[in-house]
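Q: Take a look at the letters that make up each chain.
There are 2 protein chains.
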Amino acid sequence: MPNNNSTNFKYSAMQNYRVYIIIFLLFPLSFFAEDGSQLWLRFPNVKNGISADKIISKGKNPTLEIAKKELATYWQGQAVELRTDKSLKYLKDGYTIKSSLEKVIISAGKESGLLYGVYHILRLQQTKSDVNHLNITEKPSYDVRILNHWDNLDGSVERGYAGKSLWKWEDLPNTISPRYEEYARANASIGINSVVLNNVNASPNMLRTDYLQKVKVLADLFRPYGIKVYLSVNFSSPKVLGGLENSDPLNKNVQNWWKDKASEVYKLIPDFGGFLVKANSEGQPGPQDYGRTHADGANMMADVLKPFGGIVMWRAFVYSPSKEDRAKQAYLEFLPLDGKFRDNVIVQIKNGPIDFQPREPFNPLFGALKKTSEMAEFQITQEYLGFSNHLVFLAPLFKETLESDTYADGKGSTVAKITDGSVRNNNITALAGVANIGEDANWTGSIFAQANWYAFGRLAWNHELSSEQIADEWIKMTFTDNQKLVNPVKEMMLSSRETAVDYMMPLGLHHIFAFDHHYGPEPWGNIPGGRPDWMPVYYHKADENGVGFDRTKSGSDAVSQYFHPLNTTFGNIETCPENLLLWFHHVPWNYKMKDGKTLWEELCFKYDSGVKNVREYQKIWDTMEPYVDTERFKHVQSKLKIQSKDAVWWKDACLLYFQTFSKMPIPYDIERPVHELDDLKKIKLDLKHHN
Amino acid sequence: MPNNNSTNFKYSAMQNYRVYIIIFLLFPLSFFAEDGSQLWLRFPNVKNGISADKIISKGKNPTLEIAKKELATYWQGQAVELRTDKSLKYLKDGYTIKSSLEKVIISAGKESGLLYGVYHILRLQQTKSDVNHLNITEKPSYDVRILNHWDNLDGSVERGYAGKSLWKWEDLPNTISPRYEEYARANASIGINSVVLNNVNASPNMLRTDYLQKVKVLADLFRPYGIKVYLSVNFSSPKVLGGLENSDPLNKNVQNWWKDKASEVYKLIPDFGGFLVKANSEGQPGPQDYGRTHADGANMMADVLKPFGGIVMWRAFVYSPSKEDRAKQAYLEFLPLDGKFRDNVIVQIKNGPIDFQPREPFNPLFGALKKTSEMAEFQITQEYLGFSNHLVFLAPLFKETLESDTYADGKGSTVAKITDGSVRNNNITALAGVANIGEDANWTGSIFAQANWYAFGRLAWNHELSSEQIADEWIKMTFTDNQKLVNPVKEMMLSSRETAVDYMMPLGLHHIFAFDHHYGPEPWGNIPGGRPDWMPVYYHKADENGVGFDRTKSGSDAVSQYFHPLNTTFGNIETCPENLLLWFHHVPWNYKMKDGKTLWEELCFKYDSGVKNVREYQKIWDTMEPYVDTERFKHVQSKLKIQSKDAVWWKDACLLYFQTFSKMPIPYDIERPVHELDDLKKIKLDLKHHN
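Protein chains in written order, with the numbering used here: chain A, 5 to 695; chain B, 5 to 695.
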């Protein structure tokens, strides 16, 4: 019946179509690529949420609409009432949640609080926690919970390992990537309320009118998610962009230029957050170019932002190629300026005195500036921790700094309390994290790097959360609540930062990274004629007697920048914590450690332990295969292989190199090196992600 | 006093000169490079030996002179008498040694026996054994103890990993390298009495008159050391070199050409040993090119050599790209020819039926040719065992074949006994080893590869020596008799071949090497359109059901080439030795092994065990540092690093590849792979030593 062919075909095609629909309904998840693009926002079953009549709220507001939409799409429990309540203003972005079997009531002083509350109950639902007997009050630890993007206008990301920048400057303001809103939603879900869009090594062009119009589009998109936009600014902008004779902060023309620019910005973006400034650091221009101080520079900008409610985050990351120990320089520079900053200036201080090393003591500036608002800057992107290849959960690193007791205002004045306003009456409280986000489908270059974005957000919201709590939440949200996965993966995550320290630079070693890219080991690094303070040998000072940087009174005396009793604790080799020993002391190779081993043996065992742990992570992860989708399973498996090889690379490079000084055998119960030192010295990485 | 300067300078230079002489006398060893060039011939203290009046001998003969010179230079014990005794002719190259505190008496039927006896007592002295109460009778296991050099006339060495050829054909006959005699001495010291100078893939030019004149020089140099020269010949020589119409062995002109050539050879070298022939194999010409048999070809050559006492070693290594299992082809080809070979022909049979794999069952031809002399061919050079990079002591491999019971003439008719004349009345007895020698200072590309040259020589002399005895001798001679080194190094050597099998191809797997260079793993190897029998997939036949080559009756039936009871033992999966399981059977992945593990698990554990053992060898060797000179210590250390990395490479490649069929997890208590299968597939080695 050839004449019927056409009809038959249509009928059959229609049947197939139905079959597809049925399959789609049965296995909805199998149709999405498990590429990590959903982050931790993997609400159960992707079924619809509750019906509109079960969402009770008054008024109309874009933020409220988002909160309601999230409930309508994902909330599967009882009715939810969203209440704005002026009496709760004191909670700032915070909220209360009370619930019964019949209803959840979320109350907040403003709509952003309600949205955060909604994400709170969705998180409880997703982690299979009880949602029927809630009585919660949440108030964020910091007012400004801010991501610093080191994204350049050309689309590259400095120290970014997740592809190009998320911001498509060439397409803006006309074409809008759907990822902008996804990004805002992800931030809102963990409490991040501020973002600096561009690199601290800032292009003056960022302030060009055409770019500001692009920024406005992003600000408009982010606003309903409670997120304010900030910009990094180049101190030379008046000269470079405005054509002025200089950028001297005491020059009236310069001041007027900034004033006009601020007006322009706020006309476009009325809730613009403010400026982030890297000045007179690593070649960036700054007030010192004109004989002015950091305070002069910061205040000039603060004055123009003040009328609009904007703030200046002024980075304390300054050092120059002087004879002075690099670790001391920021403190020496800023201490004399204490009390000279406007009240809308906050000094942004890297967690440690050098530069985001696997382990540093806290920066002695914390607490030392008694009349100045201080904020900590963490690096979420893993510049010094294996890029997006190594699994290193950073909550323990962040917490280590936050919980460090500065003793500035007596015992208990931790970095957290110095910066969150609880021991001092800070004008501004803030916590910054250098973002690890790029255009990769999985956002951060690896699945486990997402946990660091998550952890930063959660800690900026509540620095009292434990690393274990954060890991627990993230694992359950990202993978499953099956304890067969949760427990081993949590164990792996919680030990992972110490493991990385062990195979990279244990016992206080620091900055022995390969020049420039900071990925692999290069303890031998010493470019003739190069800046000494950019050379690994400057930092480890290994010789036949021992290894480590003497920062005691007999050395650079960096210990004296710490308050009592830390100055003496750190300064005495017997009381200095062993995990910072080589940071503060030049220690003989045969120095007896607390466990009875010599320093050399201890060093060997630490490196070896790092390698062993990564191998253990491989085992742990491989046993997770039944509980994870194939795509993400293989992705992580593959990254761990790289980390495992890299750990051996680190171990061999450092032990073989330091052995040329210690002249002692690597203890014979340790797995032997498989590399030749000379071969390792020849490795030149050509990393795509290095920019 | 400037006028005195010149004199002062001279005086001072002279003083220095004296100081140098004194230092030289005090530390004589420290002035020699410990580059391994001395092999195992490191006689103690390099002092002078006994005085001439303590060496008693009659007659004058170049071999005797060498024996006396060795004593005068190195023997530090009592007087030594060297006696030729016609009644000892039955010992062939053998000898007797009797000693008291006053005198050692070495007696032999011929001078070569006396030289071997001298090396015997020097070995005893060097290994610190008793030399005062000796009563020894030695008779070699094989008459012809022969090295096969696969050296080409262009100076390259096929499957050689110790640099270029030792033979400088371009310099000969006029320039004579001192290494020719050192080479002869080394061979004599371990009983090797024959060498084939050139590659079995022979150039016809080898028989050119100018080349024969070069060969004559070497033969003259080797003769005093008891060594006869042989040549590999190209079957097409009459046509290619002589310009004849063909090389048909039944062609009178061809026969005459060979007759004339033999006369020419023997005129130059009266004790010339004979020809080694690779015919109709891997593209080499042979009698089958003219419709003749291997016997026709071998006999034609045997007839021309017979008048001069020469022999033909005819290789049984033949196979063609047919549908027949490659492992069966030599047997099928040669069995019908049994009884048809002249009595001065010996069939040279590779130890296994494929090609020098890490482990093969013995070649079923052994014992099967009942009326033909048979000899075994081992490979000393490590074509399939990690080149000169991997530490693999081959005595256990050699012994495994030699001690294999063929059951050809009833129980106990081992390969050793079939070939040494003890169960059959062989016309010729011989053992061949493909040399691992090149122009590298250390001769064999690595120190431990020297042990394989040593082991081959010692086993050809006495196949009843245990691997342990040989290793013990070699270690003491090469390094030290300090038990702190001897015992651990021996342990390492004795297990090293099994370790290599484990990390390369355990359980009977074979020939899954990378195409052509045979160094790394390539189990996926399958070049479209290539010869199937050169492809790894041909040999392992992995599929979803299992892995292994079914050579039972239901498969290729290679098992039937073995005598009873081996045909049934090998043919039955339950009785087949597990270390040959996949050689003879296609085994399901979940087959239960004797230890209760599945085949897949067992395979994983074997690979892992190989890796672990190499790491253990690294530890063992590193602890030897106090007992070995730095140069050789570092050399071996460096090789072991390569082996350690290679073992992981092998393990990962094979497990990840086979896992694509087994679809089972690698047991979780095993160290995880650190490579991606796809990356491993891309590795293309460009090995300098591959030629």
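Fair warning: there could be bad hints in the mix.
A pair counts as met if it fits within one copy or between any two copies, since identical chains are not told apart.
Listed next, the in silico EDC-like pairs over lysine to aspartate or glutamate satisfying Cα-Cα at most 16 angstroms (straight line) [claimed, not checked]:
{"#": "1", "residue 1": "Lys616", "residue 2": "Asp673"}
{"#": "2", "residue 1": "Lys688", "residue 2": "Glu142"}
{"#": "3", "residue 1": "Lys64", "residue 2": "Glu85"}
{"#": "4", "residue 1": "Lys645", "residue 2": "Asp682"}
{"#": "5", "residue 1": "Lys73", "residue 2": "Asp57"}
To be clear, the hints were calculated from the coordinates, so they are not data collected in a lab.
Q: Run every hint past the structure and note whether it holds.
A: Hint-by-hint comparison with the structure:
no. : hint              : verdict
1   : Lys616 <-> Asp673 : both (13 angstroms within a copy, 13 angstroms between copies)
2   : Lys688 <-> Glu142 : neither (49 angstroms within a copy, 60 angstroms between copies)
3   : Lys64 <-> Glu85   : within (14 angstroms within a copy, 118 angstroms between copies)
4   : Lys645 <-> Asp682 : between (24 angstroms within a copy, 13 angstroms between copies)
5   : Lys73 <-> Asp57   : within (12 angstroms within a copy, 111 angstroms between copies)
Going through the hint list in order, the structure does not satisfy hint 2, though it satisfies all others.
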